[in-house]
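Participant: Which chain is which? The protein sequence lines are W, Y, A and H, in order.
Counting in the numbering used here, the first sequence runs from 9 upward without gaps.
Counting in the numbering used here, the second sequence runs from 9 upward without gaps.
Counting in the numbering used here, the third sequence runs from 9 upward without gaps.
Counting in the numbering used here, the fourth sequence runs from 9 upward without gaps.
No lab work stands behind these hints: they were computed from the structure.
A few of these clues could be false.
Treat identical chains as interchangeable: a pair holds within one or across any two.
PhoX-like mimics (lysine-lysine), calculated; alpha carbons at most 25 Å apart, straight line [as the list claims (entries may be wrong)]:
#1 Lys117 / Lys257
#2 Lys52 / Lys257
#3 Lys52 / Lys197
#4 Lys257 / Lys193
If you're wondering where the values come from, they're calculated on a predicted model, not measured in any experiment.
Protein chains: 4
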Amino acid sequence: MGILVGIVGHRGYSGAELIRILNKHPHVEPVLLDHREDAGDGPKLRRPSGLRRAACHPDSVVSQNLAAVFLATAPEVSMELAPAFLHAGAKVIDLSGAFRLRTPDRYRKWYNAEHTQPELLAEAAYGLPEFCRAAIPRARLIANPGCYPTAANLAIRPLIAAGVVDRTAGIVCDGKSGTSGAGRKPSQKTSFCEVTENFSAYAVLQHRHVPEMLQISGLDESELSFTAQLLPIDRGILETIYFRSTYIKSSAELIAIYEQQFGQEPFVRLHEPGTFPDLHAVARTNFCDIGVTFDAATGRGVVVSAIDNLVKGAAGQAVQNMNLALGFTETDGLL
Amino acid sequence: MGILVGIVGHRGYSGAELIRILNKHPHVEPVLLDHREDAGDGPKLRRPSGLRRAACHPDSVVSQNLAAVFLATAPEVSMELAPAFLHAGAKVIDLSGAFRLRTPDRYRKWYNAEHTQPELLAEAAYGLPEFCRAAIPRARLIANPGCYPTAANLAIRPLIAAGVVDRTAGIVCDGKSGTSGAGRKPSQKTSFCEVTENFSAYAVLQHRHVPEMLQISGLDESELSFTAQLLPIDRGILETIYFRSTYIKSSAELIAIYEQQFGQEPFVRLHEPGTFPDLHAVARTNFCDIGVTFDAATGRGVVVSAIDNLVKGAAGQAVQNMNLALGFTETDGLL
Amino acid sequence: MGILVGIVGHRGYSGAELIRILNKHPHVEPVLLDHREDAGDGPKLRRPSGLRRAACHPDSVVSQNLAAVFLATAPEVSMELAPAFLHAGAKVIDLSGAFRLRTPDRYRKWYNAEHTQPELLAEAAYGLPEFCRAAIPRARLIANPGCYPTAANLAIRPLIAAGVVDRTAGIVCDGKSGTSGAGRKPSQKTSFCEVTENFSAYAVLQHRHVPEMLQISGLDESELSFTAQLLPIDRGILETIYFRSTYIKSSAELIAIYEQQFGQEPFVRLHEPGTFPDLHAVARTNFCDIGVTFDAATGRGVVVSAIDNLVKGAAGQAVQNMNLALGFTETDGLL
Amino acid sequence: MGILVGIVGHRGYSGAELIRILNKHPHVEPVLLDHREDAGDGPKLRRPSGLRRAACHPDSVVSQNLAAVFLATAPEVSMELAPAFLHAGAKVIDLSGAFRLRTPDRYRKWYNAEHTQPELLAEAAYGLPEFCRAAIPRARLIANPGCYPTAANLAIRPLIAAGVVDRTAGIVCDGKSGTSGAGRKPSQKTSFCEVTENFSAYAVLQHRHVPEMLQISGLDESELSFTAQLLPIDRGILETIYFRSTYIKSSAELIAIYEQQFGQEPFVRLHEPGTFPDLHAVARTNFCDIGVTFDAATGRGVVVSAIDNLVKGAAGQAVQNMNLALGFTETDGLL
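Produce the entire structure from the sequences given, and follow the hints as far as they go.
Facilitator: Dropping the structure here:
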């Protein structure tokens, strides 16, 4: 028997993905913590699934000996549950936006709500291992990054860190996401007939994932234009990033910046310059695939970044963080 | 009986759309000109369609009394056929890229081929009525615009004409197209299993539609970054355009620029600022829908432009041009 | 100005299709009767649509001089609204299942509810013109057929009428429908992520459309096995019908039965034997396409029937019925 | 290092799925045998995949010490390659239709071609473990079943074996398959724009998978009506099977027949009566999910059977057969 870890929100898309990944993990076994009864309707198999279940209560941390608890819940639910699970001794990995921003002011501005746990906000580690690996093992509370910011920051921060971007021209990040990113709750906007054969922009310049991009990339708000758009697919995020540079001289120089940054990273894959990732290649994987091109004559660069929003953009990265937090090999269960 | 017009390439997606539109046109009836025999396989109805057919030959212009001929063909086929049809006395509306660029040099650069009819290149009118309406009725040969440039130019040129864009920062045009834009010929890249649940970029900074955008918008190549991307849908193009401005002070000022430009246009529809078009609203219509937002605090603007690539981006605009060329009401058969 | 007709339920998928069709009708103009306020959220065009609106009240029949009212509503709403609109003098064309069955007992059995207007049930004409054309002009109240039964009855009744089916072996009708058939109200089962790349059966042997099939086809319940299945598409119904016969000797004999039945019908198209319809060919049309094959060696026949569930299966057929009821040409607005 | 096994046809969809599965197998490692050079176009990752490659030649069996070779090739290629690989000492698991039928006559009738290896046809074991488990370990050559027959036979044979079906009424098997079943070679019929938002029947009563269904189920051709239909999805097969019975008295009795047959099978999952499988539940798994209902009043039964056509219908079942042939645990790499 492996080490046990709890999942709150296991009926949502990220929660279901957590179960799928943890069932293949060599050291860990999931326990479903039933927070809200939703109608478990639909077809029923005659053989039970055999998954462990327990009450969604801090006592379960002790009774089940849970090493960690994943919160695949809305931000307000995560703010409510995190303190008690932490107090009961579990590491908490939160997949919501509750603990990602650095200050209550930013939370208020982008989430239109008051933060009820400001001290935990200050304490939480931001769980983007490629840039924040050192802090994660030491943290009790890990804020798993948003899906759009994961793809954006892996593409943008190396450029900013290298100091090659003409920042007065700004950076454009044009984001496209599959519909699972909107969660499992039914709505008009995510019904099949509205989404199929359609495509649309939303939250233009105003998406609540923007502040995460600013925190990690080093850009300020006036420098980054981000648009979110809804793809008629289940899962996947692709972001097309545009910048200008007078320093870079070729696509080869551009890809070298990423090679230097990510050469040893297990979950970032680079394309040859002039070729670009697609969503099939990252579906159901924890990879972020990156492709670049640069037009030296005019100083224009384009970077394309692709992830599975439910894996590297949610459950997979959460397991990557759990591996770091519990001392496993970072890639366990993820390759 | 109406006036007769010929269609070459009626088995392709744009050709089929031409038939669909012309069958509802109040004054015109289509004649299918069979250029190449492709296997007319598939299901067969017992009642014949009743569509007129004739040989794809200049003699048909006289024998059928064709007032115009649509070429829904590849550029090299259009260059081959256009001179003879013009000589036979028909107006020619070409849906390919053969006659859209102003000079043989540009054609060579972007199409990787020699232009065989440079004098026709000089003569052709560019058929974007919203900006080139005056020249179209006088022209023998009309170059129907590309799909990406139609959506791009309707969104970008008003901004450039108004002189409000910070051109040193450049303009980004992030384009997404349905798969019918790639034509009907089978290929690996457009097979169902490759496209469904996928999304990818192609021809990044290098798409052959770029020079049309430059010609009409007034931008030069260093100022415009364009990426084409393949949507897992049949039809529709949505382009997200990013710019910076120190002149504009609000979204209301921004939409006013478009209102002034397009207030009387029958085929351009504007959204209230902060709301944006989607592809369902333009599917199977000749409309271009435009939505905008502007963040005054940071000087960043976003414009979203949507068309049906087979209608306003091809067959519908071709009929709009035919209406102008043959003296009909511009909207005949298109509302 | 044309004759005015009302639409209740214009925000649903069938209602929207009614608007689309009636806007092209040569003699009739729609008036939207707002029954329930649902959030008209989403993008807003700056130019108003120009559609007429009135209260959903019997007084509107007089004040607007409505010749007919379409009820694109749930059965319980149709039962509530129909009497008053009829009393006010309008013809009523009901797209729900409220008035399709012949007796309150059948309604109770298949709809699990009491019928509140049994006298109207007895009075209503079943609006399948291909088989019930004579009664429709005389009726005040027309029960527009269900989508599955329309495709099924057009395929099955000619066989039963011709007396060629081995009825002891029964008939199988395997039905598949696009998701718009489930209506516009959001639900888990019709959300994009559940439907895309999926396929499933529902209401196996128990669908409430079965009694309509029995009433028209002449089969009894033990003779017909019907399964409904959800296709990952927006619109379209295809039904595959299996039967056995010792009378028929060839596919040619089989198609001759349909040719005799439907040779003069404007909205039924027959395929050459051995070729079969698909959903693209009927999308956005009022056609029912039928293809057949028969294996003489073993006495097995297959018939494939395809319609657009929102057109011939709902709004298009409703307009066809309106044309008959108001004395227009049956095909007005539908070709 | 594991035992090595070769894959011919690794660029096709079944071949790619074989690689995916074998990469997770605890005892075996794949070697790609390049049979034909097709343009390895598309994006290129900078880090090589690390997959082993060898020539598609019998010598590779010895040089690479291949325990088995998978042929994910067309039937004519399989007939050409199988003898030499067998002679070189490898077990051969053929995913084509080359060796599935019992006699050259049947092959001629259904494949419209002469069988070039009749003695191998006689020798081959049919690789449907749930019914043919004993013969598989002893066989040199295993004919991996077709996708449609796998789902059909698992659903039909238990009924026939139990003797409960009214065979004079016949059995209907209405099959629907995702587009990957048509293979990776581009064609008009499987291009995105033709398949999306579409559905159609093909090979009605004439599909070449029918004789496999007859061989295993025990039905004769006059008793089984099978139609194949193309779903607008990537992967998955769902078959809806209709029968009549005067012996069965309830859904509970019906499911008991399957429970008795499959109670110990690791890859068959049964649903509670009246609930039915969907394709999401079996996607990317080696499961066959089965659901049933029976209407005792009228003696009509329906069975729904669902698999992933590329896994239980191809590569997964091939690995299941390899496990049996090489003496591994049957479920290795498949759960």
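Participant: In ascending order, which of the hints set out earlier in this document are inconsistent with the structure?
Facilitator: 4
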